[in-house]
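Going line by line, the protein sequences match chains X and A.
Here the first sequence is numbered in this note's numbering, starting from 1 and rising by one per residue.
Here the second sequence is numbered in this note's numbering, starting from 1001 and rising by one per residue.
I should point out that these hints are in silico values taken from the structure, not numbers from a laboratory.
Possibly wrong hints are sitting among the right ones.
What the hints assert, rightly or not - DSSO-like cross-link-like pairs, simulated, lysine-lysine; straight-line CA separation at most 30 Å:
{"#": "1", "chain 1": "A", "residue 1": "1067", "chain 2": "A", "residue 2": "1157"}
{"#": "2", "chain 1": "A", "residue 1": "1291", "chain 2": "X", "residue 2": "103"}
{"#": "3", "chain 1": "X", "residue 1": "216", "chain 2": "A", "residue 2": "1051"}
{"#": "4", "chain 1": "X", "residue 1": "101", "chain 2": "A", "residue 2": "1291"}
{"#": "5", "chain 1": "A", "residue 1": "1054", "chain 2": "X", "residue 2": "216"}
{"#": "6", "chain 1": "A", "residue 1": "1067", "chain 2": "A", "residue 2": "1051"}
{"#": "7", "chain 1": "X", "residue 1": "216", "chain 2": "A", "residue 2": "1157"}
As the list claims (entries may be wrong) - Facing chain A, a subset of chain X residues (Cβ under 10 Å, in silico):
{"#": "8", "residue": "44"}
{"#": "9", "residue": "126"}
{"#": "10", "residue": "151"}
{"#": "11", "residue": "199"}
Unchecked claim - Chain A regions said to be covered by chain X (calculated; three or more residues, Cβ under 8 Å):
{"#": "12", "segment": "1013 to 1022"}
{"#": "13", "segment": "1090 to 1102"}
{"#": "14", "segment": "1110 to 1117"}
{"#": "15", "segment": "1128 to 1134"}
{"#": "16", "segment": "1139 to 1148"}
{"#": "17", "segment": "1171 to 1179"}
{"#": "18", "segment": "1233 to 1242"}
The model shown is predicted, which means the values in this text are computed figures rather than measured ones.
For each residue, glycine too, the CB sits at the ideal point set by N, CA and C.
In case you want the letters, here they are:
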Amino acid sequence: MKISKKVSVPWHIVFLITIFLLIFPIVFAVGSSFKTLQDAYNNPLSLFSLNPTLENYQTFFDSLPALQITLNTFLIASVVTIFKVVTSFLAAYAFVYFIFKGKNTLYFILISTIFLPFTVTMIPNYLIISNLGLSDSLWGVVLPQLADAMGIFLLTQALRTIPVSLIEVARLDDMSHWQIMRDIVLPLARPAVTSTSIWFFITAWNEYVWPVLILKSTENFTLPLALQMYISSEGGTNFTVAMAVSVITMIIPLALYLMFQRYIIGTFTSSGIK
Amino acid sequence: MTASLKKISANKQAWFAYGMLLPSVVIMAVFMFWPFLYTIYLSFFDWNMIKPTKEFVGLQNYINVLKDPITYKVFWNSAVYIFILLVINFTVPYIFAFILDFVIGKMNGFYKSAFFLPAFISLVVGSILFTWILNPISGPVAIVMGWFGLEMPIWSKLDGWVIFVLSLITSWKIFGYNFILLYASINGISREIIEAARLDNVPLWKIFFHIVVPMSSATGIYIFIITIVQGLQFAFTPIKVITQGGPNYASSNVIYHAYHEAFVLYRTGHSAALSILTMVIFVILLILEFKYVERGIYYENK
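Here chain A stands alone, though its shape is the one from the complex (with noise of 0.2 Å):
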């Protein structure tokens, strides 16, 4: 393949493949890369997005941001927020991908289809949607806890139980489009070993972690990742519609409150400081994934 490629670069074109790149890596460069950097060296300015100076103070931005007990909080809820969306959407579409495939093996296009269905609709249309379905007085599903003589949580003005409800909100759009990934992978991994295993009777759970789970790794680290990076961020519509990330600040993740400190508090080296430092973490999750590769992990598609 290399070599037949080689015979249409032979002609010279690569000037061609530069043309073509262009139009993309102009719109990237210019709100991509180029804001990427301007962020970092508002990190170091102390500004508020109107006064014509900005005044350069160094790490002054970082200290504070480290030193404010509101980070703490937003990241141990953004560690929350991040546990409960791994636990509903990579450990269930994995498990469910594999049962789909091996233990049903039938009507695999409808629940495909059903469950990535929601994948198109807007968030802030399910937000509005569940703030009503889960109306703890007049909502449906508080309605059906009566009958059994339970209350509904008022939800939206408790710690744990407000994260816990805009993951949900955030589950709904993004559990279809990791199972479906998953489900491909799982799907093409080759049906000989799998066939026997299970005639050396290997229990099913078995045959998942030893045998499925490796072979298509490579996936399940890519979703694993994709659903902690934007997850977060998906979040912030939930959030940014049902709660602006109250009560005070316990439904905040790290992505909603940068945009508070610079579009509700206007301090702009505050925001930009802690979206690198989140940037940073997220970075060294990459690293790590990059790490897993370089070992080797297992490539469904070569």
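Chain X extracted, bound-state conformation (with noise of 0.2 Å):
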């Protein structure tokens, strides 16, 4: 189906308009962090500063625990993955390859808690960590994120692509679950598994709404956090350790990014619909 350029060069300047409008934030903040204040008041418009500049990031560094932030966000980010792969990944295994009583109304209950406003169970939940106290912690932050049903959807949509008739010889050959699991169904599931991790560590990396109703004390902050400070003074001296602060913290998820688009943009194309 040919259609004509006429029609399709003006909708390539929209889509191109589209994304310098989402990416130009990126790029002014990369290049703002380099300037000193002066320069960025002086010369808002020029990208980059023909005098870069370290000493927004030097200040960052001087003012908060900035190592022991970073630290923190990437301690977060990494168990709740490890913690939530393996539980989505078991779940989503059950769901797939077994039969049970229940199953169906179970599936139903787990997923549809994707539609559940964390204003439902926020204050229960803030009242269960500070009891176990836990409050001002990095696993009170952890706990209430090792399960959820993004990635047991995630992943049973992963596993339902791969053919039933392949785990039913394996089971001729009298293999166990667990080889089954090891030795076809991971190897095989292994692109979605990899991108849902990234997209948990991800989104456990950038989580705002419940650290900050956990973790008080500036040693335990994790990067959105930190940067949330840089907020208060508006139109004050910060603006660009502001931008600084937002350059380390976007960019692992932008490196992660950049390495596994194909295989995120993958799982989420494939991830459908029920």
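Two chains, each in its own frame: build the complex with the hints.
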């Protein structure tokens, strides 16, 4: 089906403008993070400074325990990812390869929590974490995130694409479920498991709503919490430092995205609905 | 497929399945289902999270919520948020996905990657970046507008404007995800029907409304609902970071207001009642969705 260039060229322009609107803030942040405040105010439209400086990064490391904060973010995201991949994978495996009583009902109940707003669980969760003595601790942030509907959903969709006949043959060969999982299902599902893990990692890395309730002291902060400290002084002197902290906050997610975008887009594309 | 699955289950290993489900079920029971029930319970009590005793007040919290003019303000604001979020993150990506697949047909990989990229970045980062880019005095947008003699409104202080800008920031994060799913769904539609329609010179907009939208309706409805339910929750972050619901509740929505009641004003019962009311509205939306499903909307993957 050929469509004339006359129709498609204006749309290319619309799409490129959209991309500019989406990507410009990121480029702007990177550029501003290497400017002095003076420079940023004098030349707000020049993306990159003629005299780049690292002083904004220096200020972040001097004023907050920046290494500790970055490490906290990394630890929380890693622990959440490892646990969530395991719990979601096990659940998905059960939903796809087993028949048991109440399967459809249970799947429906678990998945429908995607539609639960966090406000209907936040107060009790806050009380649970406080009563466990885990407020203002990394474990307090991690615990409620160890399993969720989105993970089960994505991995169930991924496992459904693996032919059941393969599993059947393996069963006839008397392979145990653990062997089947390790030697057949996991290798075949690796792209989906990888991209789901990366999605978990980034979601936990960026998580803000829950940590902001739990974490109080700066040495326990994650990067998004450290970052929001720089907005309180609107019009103030912290603008370029905020840009530097933004760059530090987004550099890992961006790197992971650029490396794995094919897998990740593929997984979301094939996840489809239901 | 069902027959072969039965062979596996014939080994009477259903217990194995329950074992595999246990970790997820336990975690979700403790941090999702029990808290949900406990929030319902709290909505019938007067409490402030600190007092040792909770006082049973029956429906009083619900009555207070419904009598409070701020409730209507935040519900109205939520409707405005939903409207803007749906236009930018449902209507636009639906059309874009169609255009990319059927009109442009080239560079799909590039456009998909670029649109999806902000979905990976923290909304706190997004909020900070846009606060400066849209700064009414010294931000780049204000300066460019100045060249044309235009003045940037002080959006964070103005009713209406503030919701619009916070919705834009939220959209920056969710646009790409919605686009990817809608594109996948439209991409899965059989080419033959559309080829035939094009040979008959059916205009593009008719193809879109009469063929593409109906044949991608399962994904379409999912995106529609997820944009409403999660969009309001995503908007929490820019609200909290930039305006704290202000000025005078002008940018608050039901999600932020429930948080504000619980963790700023410590009115636990009021917050719980508001959350449950919000939840009821969401459930009604879901029931509407499943009614559609029962009527047999088109499932592209089956």
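Hint check:
no.: 1; hint: A/1067 to A/1157; verdict: holds (27 Å)
no.: 2; hint: A/1291 to X/103; verdict: holds (22 Å)
no.: 3; hint: X/216 to A/1051; verdict: holds (21 Å)
no.: 4; hint: X/101 to A/1291; verdict: holds (25 Å)
no.: 5; hint: A/1054 to X/216; verdict: holds (26 Å)
no.: 6; hint: A/1067 to A/1051; verdict: holds (25 Å)
no.: 7; hint: X/216 to A/1157; verdict: holds (29 Å)
no.: 8; hint: 44; verdict: holds (5 Å)
no.: 9; hint: 126; verdict: holds (8 Å)
no.: 10; hint: 151; verdict: holds (8 Å)
no.: 11; hint: 199; verdict: holds (9 Å)
no.: 12; hint: 1013 to 1022; verdict: holds (count 7)
no.: 13; hint: 1090 to 1102; verdict: holds (count 4)
no.: 14; hint: 1110 to 1117; verdict: holds (count 7)
no.: 15; hint: 1128 to 1134; verdict: holds (count 6)
no.: 16; hint: 1139 to 1148; verdict: holds (count 4)
no.: 17; hint: 1171 to 1179; verdict: holds (count 4)
no.: 18; hint: 1233 to 1242; verdict: holds (count 6)
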